[in-house]
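K.L.:
Construct all of the structure, not just a fragment, from the sequences and the given hints.
In order, the protein sequence lines correspond to chains A and B.
The numbering used here puts the first residue of the first sequence at 1, with every later residue one more than the last.
The numbering used here puts the first residue of the second sequence at 1001, with every later residue one more than the last.
If you're looking for bench data, these hints aren't it; they were derived computationally from the structure.
Just so you know, these numbers come straight off a predicted model, no measurement behind them.
Computed cross-link-like contacts, EDC-like style, restricted to lysine to aspartate or glutamate with a CA-CA straight-line distance of at most 16 Å:
| no. | chain 1 | residue 1 | chain 2 | residue 2 |
| --- | --- | --- | --- | --- |
| 1 | A | K72 | B | E1280 |
| 2 | A | K72 | B | E1284 |
| 3 | A | K78 | A | E46 |
| 4 | B | K1025 | B | E1284 |
| 5 | A | K72 | A | E35 |
| 6 | B | K1025 | B | E1208 |
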Amino acid sequence: MYDPALMQIDESRAGGAVVLALTGRVDSTTSAALEHHLAGLTAAGERRLIVDFSGVDYISSAGLRVMLALAKRVRDLKGALALCGMGDAVRQVFALAGFLPLFAVADSRDAALEKVAG
Amino acid sequence: VAAVVIALLPVSAFLLILFLFDSFKLVPRLMLARALASGAAAALVALALHRWLFDLTGFDTRTFARYVAPLTEETLKALCLLYPLRRGQIGFPVDAAIVGFGVGAGFALVENIDYLRGLNDPRIWVWAARGFGAAIMHASTAAVVAITAKTLADRNPSHALIAILPGWILAVALHATFNRALVSPLLAAAVLLFVVPLVVLAVFERSESMTREWVGEGLDLDVELLALIRSSHFDETRLGRYLAELRSRFPGPVVADMFCLIQLELELGIRAKGMLMAREAGLEVPIDDQIRASLAERRYLHRTIGPTGLLALRPLQVTTLRDDWHGYLLRHAGKPARWWRRDV
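P.N.:
Structure (structure tokens):
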């Protein structure tokens, strides 16, 4: 069961893109809520997305699966997705799994906005 | 033309469906081509062997089909499965099923081509019985051998070679029952067409959920273990203490290489699991130069540590029998099928 105390999702808009700022842990407990949120966005036709990981200190395979599914959906929609604000722990998991080439990764939210700008 | 299509198409179509159903894409095209080719070669050997045995024993066709052919044919097909099983090229029952079915399909294709050449029977039901019955039977029994062997070898890795025997006995029994024609050949074909997809789907379902679980939980565990190994507390862990103990039995550089190998196996394991996870999502992770370098480094470390050192690492259960499979998976990722290419 999703506990908002473990992960928060703050949604905002910037430069025509939807920015999701995550805070907490993205794991087997919280990933279903994130998946549901993202599925709602892509179903509503959002094609430019930024996921800000600056508040995330832990991501497990469940979170990685959600990000991969999002990358595939955005690709199918011919949209753009960027990840930003990854701390060392999160970046290392993406790097170890070999997923960094699958995503546009930026250090800051502004740099991410440039990457998804059409 | 109709006879050729009916005799050869069903098993080929079934194999293609199995290959496409595998959402993790566990079997590289090269491996499937090898399975088909080895099955076809086994059929050629069987044809020659049967001619010789037929003359030697003097059995009539019916006795030969009931008591000799199931033994020889299932043995030859099982031999084709030994190599990929022993070399760690099969990771789960699902890829075992595909490779086994491939070997059996290759066998059945050659056997049916031989029948087509030698038997000028215009009756379409004869070819339906061959195409839907005998061919599917050959592929299914080989799949049974592969699935059983892989499942048993996973449970008891030290008896991996013997693990092929129970599946082989079952395959011989199934084959002999089919050849006894207790029911009509057409009815047998119909039963097979109904039963085989159900059994294969059940194996796929179970194996896919096993693979999904292994990929997810395994990746999390490997990441945590790697972080622990790279931390300053490593010496205080069970792993650290065990490696320290090995210093009294192995030269320092070898123990250092053991430490490197453990890290490398974990890194490669994470990459392989990440690749499968991406494939499941419909994405392909590029294999970069770093992976190629890591695979080369792994071979170097295996040489410098030697068989005794590798055996000493076994109790740690960090390096597993699936490591070879990780390597195989990563080596063959995104490569076109070239049957002449040897394994690196």
